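Protein chains: 2
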Amino acid sequence: MVNSRISPLIIGVDVGATKTTAALVDEQANILNLNRKSTPTESSKILVRNTIELIEEIFNVSKACVKNILGIGLGVAGLMDFQKGIVVFSPNLPLRNLPLRDIVHHHFNVPTFLDNDANVAAMGEKFFGVGREVSNLVCLTIGTGIGGGMIIDDRVYRGAGGSAAEIGHMVIDPDGPPCGCGNRGCLEAFASGTAIARRAREVVNEESIIFRLIRGKIEDISAEVVVHAARKGDSLAKRILREVGEALGVGVANVINIFNPEMIIIGGGMAEIEELLTTARAEISRRALAPNLKMVKIVGASLRTNAGVLGAAALVLYELGKLT
Amino acid sequence: MVNSRISPLIIGVDVGATKTTAALVDEQANILNLNRKSTPTESSKILVRNTIELIEEIFNVSKACVKNILGIGLGVAGLMDFQKGIVVFSPNLPLRNLPLRDIVHHHFNVPTFLDNDANVAAMGEKFFGVGREVSNLVCLTIGTGIGGGMIIDDRVYRGAGGSAAEIGHMVIDPDGPPCGCGNRGCLEAFASGTAIARRAREVVNEESIIFRLIRGKIEDISAEVVVHAARKGDSLAKRILREVGEALGVGVANVINIFNPEMIIIGGGMAEIEELLTTARAEISRRALAPNLKMVKIVGASLRTNAGVLGAAALVLYELGKLT
Numbered sequence: 001m002v003n004s005r006i007s008p009l010i011i012g013v014d015v016g017a018t019k020t021t022a023a024l025v026d027e028q029a030n031i032l033n034l035n036r037k038s039t040p041t042e043s044s045k046i047l048v049r050n051t052i053e054l055i056e057e058i059f060n061v062s063k064a065c066v067k068n069i070l071g072i073g074l075g076v077a078g079l080m081d082f083q084k085g086i087v088v089f090s091p092n093l094p095l096r097n098l099p100l101r102d103i104v105h106h107h108f109n110v111p112t113f114l115d116n117d118a119n120v121a122a123m124g125e126k127f128f129g130v131g132r133e134v135s136n137l138v139c140l141t142i143g144t145g146i147g148g149g150m151i152i153d154d155r156v157y158r159g160a161g162g163s164a165a166e167i168g169h170m171v172i173d174p175d176g177p178p179c180g181c182g183n184r185g186c187l188e189a190f191a192s193g194t195a196i197a198r199r200a201r202e203v204v205n206e207e208s209i210i211f212r213l214i215r216g217k218i219e220d221i222s223a224e225v226v227v228h229a230a231r232k233g234d235s236l237a238k239r240i241l242r243e244v245g246e247a248l249g250v251g252v253a254n255v256i257n258i259f260n261p262e263m264i265i266i267g268g269g270m271a272e273i274e275e276l277l278t279t280a281r282a283e284i285s286r287r288a289l290a291p292n293l294k295m296v297k298i299v300g301a302s303l304r305t306n307a308g309v310l311g312a313a314a315l316v317l318y319e320l321g322k323l324t
Numbered sequence: 001m002v003n004s005r006i007s008p009l010i011i012g013v014d015v016g017a018t019k020t021t022a023a024l025v026d027e028q029a030n031i032l033n034l035n036r037k038s039t040p041t042e043s044s045k046i047l048v049r050n051t052i053e054l055i056e057e058i059f060n061v062s063k064a065c066v067k068n069i070l071g072i073g074l075g076v077a078g079l080m081d082f083q084k085g086i087v088v089f090s091p092n093l094p095l096r097n098l099p100l101r102d103i104v105h106h107h108f109n110v111p112t113f114l115d116n117d118a119n120v121a122a123m124g125e126k127f128f129g130v131g132r133e134v135s136n137l138v139c140l141t142i143g144t145g146i147g148g149g150m151i152i153d154d155r156v157y158r159g160a161g162g163s164a165a166e167i168g169h170m171v172i173d174p175d176g177p178p179c180g181c182g183n184r185g186c187l188e189a190f191a192s193g194t195a196i197a198r199r200a201r202e203v204v205n206e207e208s209i210i211f212r213l214i215r216g217k218i219e220d221i222s223a224e225v226v227v228h229a230a231r232k233g234d235s236l237a238k239r240i241l242r243e244v245g246e247a248l249g250v251g252v253a254n255v256i257n258i259f260n261p262e263m264i265i266i267g268g269g270m271a272e273i274e275e276l277l278t279t280a281r282a283e284i285s286r287r288a289l290a291p292n293l294k295m296v297k298i299v300g301a302s303l304r305t306n307a308g309v310l311g312a313a314a315l316v317l318y319e320l321g322k323l324t
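Chains A and B, in that order, are what the protein sequence lines are. The first sequence lines up with residues 1 to 324 when you count with our numbering. The second sequence lines up with residues 1 to 324 when you count with our numbering.
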């Protein structure tokens with residue numbers, strides 16, 4: 001009788017480029033326990049061991065019994081094979097064709113799921129965040145790169161092979177700058193943190209506040225420096241942010257025209273730059289089809305610091321059919 | 001006993017800009033009877049009467065009994081409100097906020113469905129055509145404009161308000177030519193029949209075979225004239241088709257990156273121009289993400305002349321849950 005009302009719990013794990021976080025989460029998205037460490041990038045073996053240790057600590061510290069755990073969700077940046085549970089490739093982690101899902105599953109013997117960070121972010125917002133009330137949403141995470149996740153008719157859309165929603169790799173100008181993916185003119189090559197920094201390095205001059213902020217060391221220019229200079233009134237920095245905001249607006253308008261979603265959620269570090277979003281909104285109004293524009297809400301992400309682990313927990317609940 | 005094995009039949013209706021076609025179709029996509037007339041464009045009243053007469057003739061000529069008819073499907077070019085069965089707007093027909101579905105339903109009293117021609121084309125290919133074996137496909141119809149229809153996990157994706165899949169209105173170059181939708185640089189403004197003709201009018205000179213073919217009457221330039229000139233070796237016409245093919249390739253690569261579909265089906269008059277498709281394929285190979293490219297088949301539409309009525313019949317079967 002005593003244990004009969006123990007609420008099922010989930011372990012959500014966010015394997016990020018710099019930090020790995022594991023958390024014990026209940027079905028109402030309360031975080032009961034959280035554990036964070038640097039992500040070791042020397043080898044996949046060390047990274048896997050670190051991930052397993054973090055999960056083990058959750059079990060130990062919280063005295064959670066394996067019987068109470070519905071499952072473990074893993075969110076990883078990069079290209080996943082969802083069906084097989086394999087990290088195919090990760091741009092910032094030493095993982096290639098690694099069956100991470102099965103490794104974790106064999107260790108703990110509870111249902112385990114693996115998906116990319118952008119899908120996980122979309123699931124987090126849909127099931128625990130600002131997207132709860134809608135059935136069709138697109139979640140854009142704009143940081144170093146641009147990730148996309150789509151919820152279509154209440155279901156995660158992964159595409160034929162699990163690599164749908166690569167909205168960052170939608171070309172918005174065929175002659176635009178080269179992108180990390182090998183293509184050129186992708187949204188990511190115009191509107192990510194990396195793109196802002198690269199553009200500033202190309203056009204900076206000695207008159208600009210940017211130049212003073214980095215004391216002439218061009219390689220020190222980052223998106224943060226550009227934003228800082230813009231807020232100090234630097235016209236070059238303001239122009240860069242305006243151009244980036246326009247590009248972002250073109251990309252979001254395309255998403256609106258193609259998906260006719262109820263909601264677009266913009267998260268990630270770049271989403272905090274109000275100047276970008278203001279310009280993007282004006283560009284969206286100019287470019288999106290009127291009926292589609294009328295019904296879409298464009299909002300900021302609601303799950304911030306803990307978006308990764310909550311999204312990974314939502315992945316487990318979703319895959320187990322606990323959320324619909 | 002005699003009537004017990006009568007196969008259910010569907011009436012598929014294609015209301016096009018120049019012709020309206022109604023056909024009696026069985027569940028195996030056999031056309032048992034077909035009726036075609038010019039589409040009257042003087043008024044919505046006359047257009048509606050014409051549509052109803054065509055359907056009535058199907059009943060009369062085929063002696064089909066209303067009891068045998070599962071339903072009537074209507075495919076119309078333009079923006080539809082699927083839920084309400086309303087033609088919101090049609091670029092080439094005198095229809096605006098017209099509850100066409102209910103008008104037809106009240107007249108014949110059989111289940112009636114209305115959708116736009118691009119969705120209907122996608123359903124036709126999915127259920128009766130080349131898309132039968134796949135669950136995720138995008139169907140592009142390239143004619144005067146560019147229409148898009150999407151099948152996602154075996155279901156038609158209409159978006160929040162029924163106007164998803166406006167792939168023709170995806171911007172591929174922010175500074176590109178103006179588009180009929182009010183935006184600029186849309187795929188449709190680069191790669192439709194209209195776009196080919198407009199581009200040729202802008203750049204034609206007296207040396208070009210195009211100029212000779214139209215005897216100097218610039219307004220007579222059409223996409224067909226450009227293709228004809230290109231096939232006679234005209235370098236200007238060949239350049240135009242190459243540029244248009246490249247733009248089409250950028251658009252299709254974007255679709256591949258965003259949807260990770262199993263199949264892209266290209267139909268419509270422009271899809272018959274082999275030169276366009278060859279250039280587009282080369283551009284797609286350069287621009288699509290490798291894993292997504294590897295798994296997508298890019299094919300021509302399989303339902304040609306009768307795509308409209310077969311698609312409209314597929315709409316009925318799909319909505320009645322007879323196809324899954």
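No wet-lab data here; the hints were simulated from the structure. Check before you lean on any hint, since a few could be wrong.
Since the list can't tell identical chains apart, any single copy or any two copies may satisfy a pair.
With a cut-off of at most 27 Å between alpha-carbon atoms, the simulated DSSO-like pairs for lysine-lysine come out as follows [what the hints assert, rightly or not]:
no.: 1; residue 1: Lys84; residue 2: Lys297
no.: 2; residue 1: Lys294; residue 2: Lys84
no.: 3; residue 1: Lys294; residue 2: Lys45
no.: 4; residue 1: Lys322; residue 2: Lys238
no.: 5; residue 1: Lys294; residue 2: Lys19
no.: 6; residue 1: Lys84; residue 2: Lys322
no.: 7; residue 1: Lys67; residue 2: Lys232
no.: 8; residue 1: Lys63; residue 2: Lys217
no.: 9; residue 1: Lys294; residue 2: Lys63
no.: 10; residue 1: Lys19; residue 2: Lys84
Computed from a prediction, not measured in an experiment: that's the story for all the values here.
Hint check:
1. Lys84 <-> Lys297: between (35 Å within a copy, 22 Å between copies)
2. Lys294 <-> Lys84: Close across copies (17 Å), not inside one copy (40 Å); limit 27 Å.
3. Lys294 <-> Lys45: neither (50 Å within a copy, 29 Å between copies)
4. Lys322 <-> Lys238: Answer is neither: 47 Å inside a copy and 57 Å across each miss the 27 Å cutoff.
5. Lys294 <-> Lys19: neither (39 Å within a copy, 33 Å between copies)
6. Lys84 <-> Lys322: Within. Shortest intra-copy distance 21 Å satisfies the 27 Å Cα cut-off; inter-copy 32 Å does not.
7. Lys67 <-> Lys232: For lysine 67 and lysine 232, neither the intra-copy (56 Å) nor the inter-copy (75 Å) Cα distance is at most 27 Å.
8. Lys63 <-> Lys217: The answer is neither: 51 Å in one copy and 84 Å across copies each exceed 27 Å.
9. Lys294 <-> Lys63: The answer is neither: 50 Å in one copy and 46 Å across copies each exceed 27 Å.
10. Lys19 <-> Lys84: Only inside one copy: lysine 19 and lysine 84 sit 25 Å apart there, 50 Å across copies, limit 27 Å.
Consistency with the previously given hints fails for numbers 3, 4, 5, 7, 8 and 9, ordered from lowest to highest.
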